[in-house]
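Asks: Letter by letter, the chains look like this.
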Amino acid sequence: MTRALAILAWGAVAIFVGVPVIVAALSPLHAYRSPSYVAASLTGVLGLGVLLIQPLLMTNWLAGVSLARLRRWHQRSGAVLVVLVAIHLGGLLIASPPDAIDALLLRSPTPFSVWGVTAMWALVLSALLVTLRRKMRLNPTTWSAIHNGLALVVVLGTVIHAIQIEGTMGTFSKWALCLAVLTASVAAVVRAQFRTFFRWKP
Amino acid sequence: MTFIASRRTVIAGAAAATAALAAPAIFSPARAQELQPTPTMRGGANNYRPGAPIVERIGGGGFRMSGTVRRAGYGAPIEGARIQIWAHTTEAYESDPESHGATLTDATGAFQMDMPQIVPAFGQPHGHLAYDAEYAGGSFRTVFLRPVMSSASNTSLEAHFVLAEA
Chain D
1 MTRALAILAW
11 GAVAIFVGVP
21 VIVAALSPLH
31 AYRSPSYVAA
41 SLTGVLGLGV
51 LLIQPLLMTN
61 WLAGVSLARL
71 RRWHQRSGAV
81 LVVLVAIHLG
91 GLLIASPPDA
101 IDALLLRSPT
111 PFSVWGVTAM
121 WALVLSALLV
131 TLRRKMRLNP
141 TTWSAIHNGL
151 ALVVVLGTVI
161 HAIQIEGTMG
171 TFSKWALCLA
181 VLTASVAAVV
191 RAQFRTFFRW
201 KP
Chain F
1 MTFIASRRTV
11 IAGAAAATAA
21 LAAPAIFSPA
31 RAQELQPTPT
41 MRGGANNYRP
51 GAPIVERIGG
61 GGFRMSGTVR
71 RAGYGAPIEG
81 ARIQIWAHTT
91 EAYESDPESH
101 GATLTDATGA
111 FQMDMPQIVP
121 AFGQPHGHLA
131 YDAEYAGGSF
141 RTVFLRPVMS
151 SASNTSLEAH
161 FVLAEA
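One line per chain: the protein sequences are D and F, in this order.
Per UniProt numbering, residue 1 is the first one in the first sequence, and the count goes up by one each step.
Per UniProt numbering, residue 1 is the first one in the second sequence, and the count goes up by one each step.
No lab work stands behind these hints: they were computed from the structure.
Among the clues, some could well be false.
[Said to hold, decoys possible] Across the chosen pairs, the derived CB separations fall in these ranges:
1. 55/F <-> 90/D: 29 to 35 angstroms
2. 163/D <-> 134/F: 37 to 43 angstroms
3. 74/F <-> 104/D: 39 to 45 angstroms
4. 93/D <-> 74/F: 41 to 47 angstroms
5. 150/F <-> 106/D: 21 to 27 angstroms
[Unchecked claim] Only some residues are given here: those of chain F computed to face chain D with a beta carbon under 8 angstroms:
6. 46
7. 93
8. 94
9. 123
10. 152
[What the hints assert, rightly or not] Quick look at which bits of chain F chain D covers, simulated, 3 or more residues with Cβ under 8 angstroms:
11. 38-44
12. 82-91
The C-beta atom is built at its ideal place from N, Cα and C for all residues, glycine as well.
When you get a sec, could you build the whole thing from the sequences and use the hints?
Replies: Next up, the structure:
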């Protein structure tokens, strides 16, 4: 029974992440793009996929793997997310420097750029928070509250960024993944915060 | 009483609606006289190539960019205005020289350019147009436009310039 549930849970995650990635990878738009732009598009889609896995790794909802191992994977997939965003931005800077610089300076004509850049800076702050965890000597409750807050900014910024873009992702699979990311993130953060504040253990 | 009150409301509402509908007609001649210059759009000048040559069409064609160039104030058409057009298309990137071409407006201030199909780039299917005072030879201020297509499957796009005297 537990095994069946584990297969079901991991299978659902694989479908929510895998289908949009495949749809985006098969987009006809890639034919008209430079390699750097293709890399930027696909790392963006993969990054959105990581945002679904990332919160789930900090819960006990994905059965079959020990919590300690899932926690280590949360750290690794966080590092992967930082690398994906770096390639995403680097690729865009090579593809069209003026457009990418406009986005970074918050003077781009496209509203989704501001959301993408907001999510990027929240991710950078979150990465710093993780790297300097020992040195900062923050109270663990405070540390996780800040980390969770930044994570929600990353998620919300990225989802609005992705939804508004007319790009390689399919409309339906993009919406499905975005809604799944929002649901998983909010649920995981609520669970984490309630566990700390009220010693509640679902 | 209730009936009278509601009839009054109806009459007052009808009068207000008539006034609202008639107002633009009354004021439109005055508004035409003060046609405002088109401001440069954000990101409009991105990947611009100063002095791109005048061409019959960009690449193989199949997509039509068109528009008008008028003078601010009365809106008189400007003939011979040099407009540069460029976009990310099925044939080349926005920054490639072969994606750029210029054309001149006719006596009615209209211009058109056949170019390859525009495809979405940086999240929106959009084109770029420039009136650059330095290369246009006119006495108007430089304006860069970045119109966005309502659908990526459209095969035409329009952009209109209202230029101010320099």
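Asks: If a hint holds in the structure, say so; if it doesn't, say that too.
Replies: Results of checking the hints against the structure:
{"no.": "1", "hint": "55/F <-> 90/D: 29 to 35 angstroms", "result": "34 angstroms, holds"}
{"no.": "2", "hint": "163/D <-> 134/F: 37 to 43 angstroms", "result": "40 angstroms, holds"}
{"no.": "3", "hint": "74/F <-> 104/D: 39 to 45 angstroms", "result": "42 angstroms, holds"}
{"no.": "4", "hint": "93/D <-> 74/F: 41 to 47 angstroms", "result": "45 angstroms, holds"}
{"no.": "5", "hint": "150/F <-> 106/D: 21 to 27 angstroms", "result": "26 angstroms, holds"}
{"no.": "6", "hint": "46", "result": "4 angstroms, holds"}
{"no.": "7", "hint": "93", "result": "6 angstroms, holds"}
{"no.": "8", "hint": "94", "result": "6 angstroms, holds"}
{"no.": "9", "hint": "123", "result": "4 angstroms, holds"}
{"no.": "10", "hint": "152", "result": "6 angstroms, holds"}
{"no.": "11", "hint": "38-44", "result": "holds (count 4)"}
{"no.": "12", "hint": "82-91", "result": "holds (count 3)"}
Every hint, counting from the list given before, is met by this structure.
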